Amino acid sequence: MQRDAIQILTDDHREVEGLFQKVESGSAGKKDVVAKIVRELSIHDAIEREYLYPAVRKHIADQGDHLAEHSLDEHEKVATLLADIEDADDAVRQDELLRELIPDVKSHVKEEEEQIFPGLRSAMSASDLADLGSKLEKAKGKAPTHPHPHAPRSGVGAKIAGTAAATMDKVRDAAADRR
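Counting from 1, position 114 in the sequence shown corresponds to residue 114 in the working numbering; the numbering is continuous, with no gaps.
No wet-lab data here; the hints were simulated from the structure.
Some hints here could point you the wrong way.
Heads up, simulated DSSO-like pairs for lysine-lysine below, C-alpha to C-alpha not over 27 Å straight-line [said to hold, decoys possible]:
id, residue 1, residue 2
1, Lys30, Lys77
2, Lys77, Lys58
3, Lys106, Lys22
4, Lys31, Lys77
5, Lys135, Lys110
6, Lys110, Lys77
7, Lys106, Lys135
8, Lys36, Lys138
9, Lys31, Lys106
10, Lys77, Lys140
11, Lys142, Lys36
12, Lys58, Lys138
13, Lys31, Lys142
14, Lys58, Lys142
15, Lys140, Lys30
16, Lys140, Lys58
17, Lys36, Lys77
18, Lys77, Lys106
19, Lys58, Lys110
20, Lys36, Lys22
21, Lys30, Lys110
22, Lys140, Lys106
23, Lys138, Lys77
24, Lys110, Lys138
25, Lys22, Lys77
26, Lys106, Lys58
27, Lys106, Lys30
28, Lys36, Lys135
29, Lys140, Lys110
30, Lys36, Lys140
31, Lys106, Lys138
32, Lys22, Lys140
33, Lys140, Lys31
34, Lys36, Lys106
35, Lys106, Lys142
36, Lys58, Lys135
37, Lys142, Lys77
38, Lys77, Lys135
39, Lys110, Lys36
None of the values given here were measured: they were computed from a predicted structure.
Generate coordinates for the entire structure from the input sequences, incorporating the hints supplied.
Next comes the structure, spelled out in structure tokens:
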């Protein structure tokens with residue numbers, strides 16, 4: 001059975017929360033877990049900018065623009081933190097940044113799941129949510145894998161910038177794998 005957009009994004013949230021638990025518990029392989037957090041949140045950010053927030057603006061009457069803008073502000077802060085985490089020279093600094101990132105992301109997820117997702121569920125048909133889900137799944141394979149905090153906020157600009165950033169990220173990832 002095909003998952004709709006809300007199911008896909010909720011599953012992404014649970015995956016990242018699981019990664020946060022690994023970091024918070026001090027489990028082995030922290031460097032790899034942090035790299036996966038950066039990757040998963042970067043992909044999630046890109047697909048939400050490109051598809052979710054335009055849908056929020058279009059389908060959630062009265063408060064769609066406000067919800068989208070507020071969420072995009074949060075995304076920019078998270079993307080900046082992710083870039084700082086990636087660039088951190090030492091584990092102490094990275095831990096400080098993670099302690100800031102984790103509650104910010106958890107708060108953002110709560111807002112999406114309690115405000116945005118119910119609004120979309122009531123405003124969009126099951127078929128439209130499934131179509132949006134297909135777009136999200138397809139976009140994941142083409143999305144940037146590293147943070148780009150200065151990327152356009154949403155829509156066509158986000159799509160164009162995201163495509164260019166994803167290409168650069170794939171080259172960067174391939175080069176890192178060869179080391």
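Index of numbered hints that the structure contradicts, given in increasing order: none
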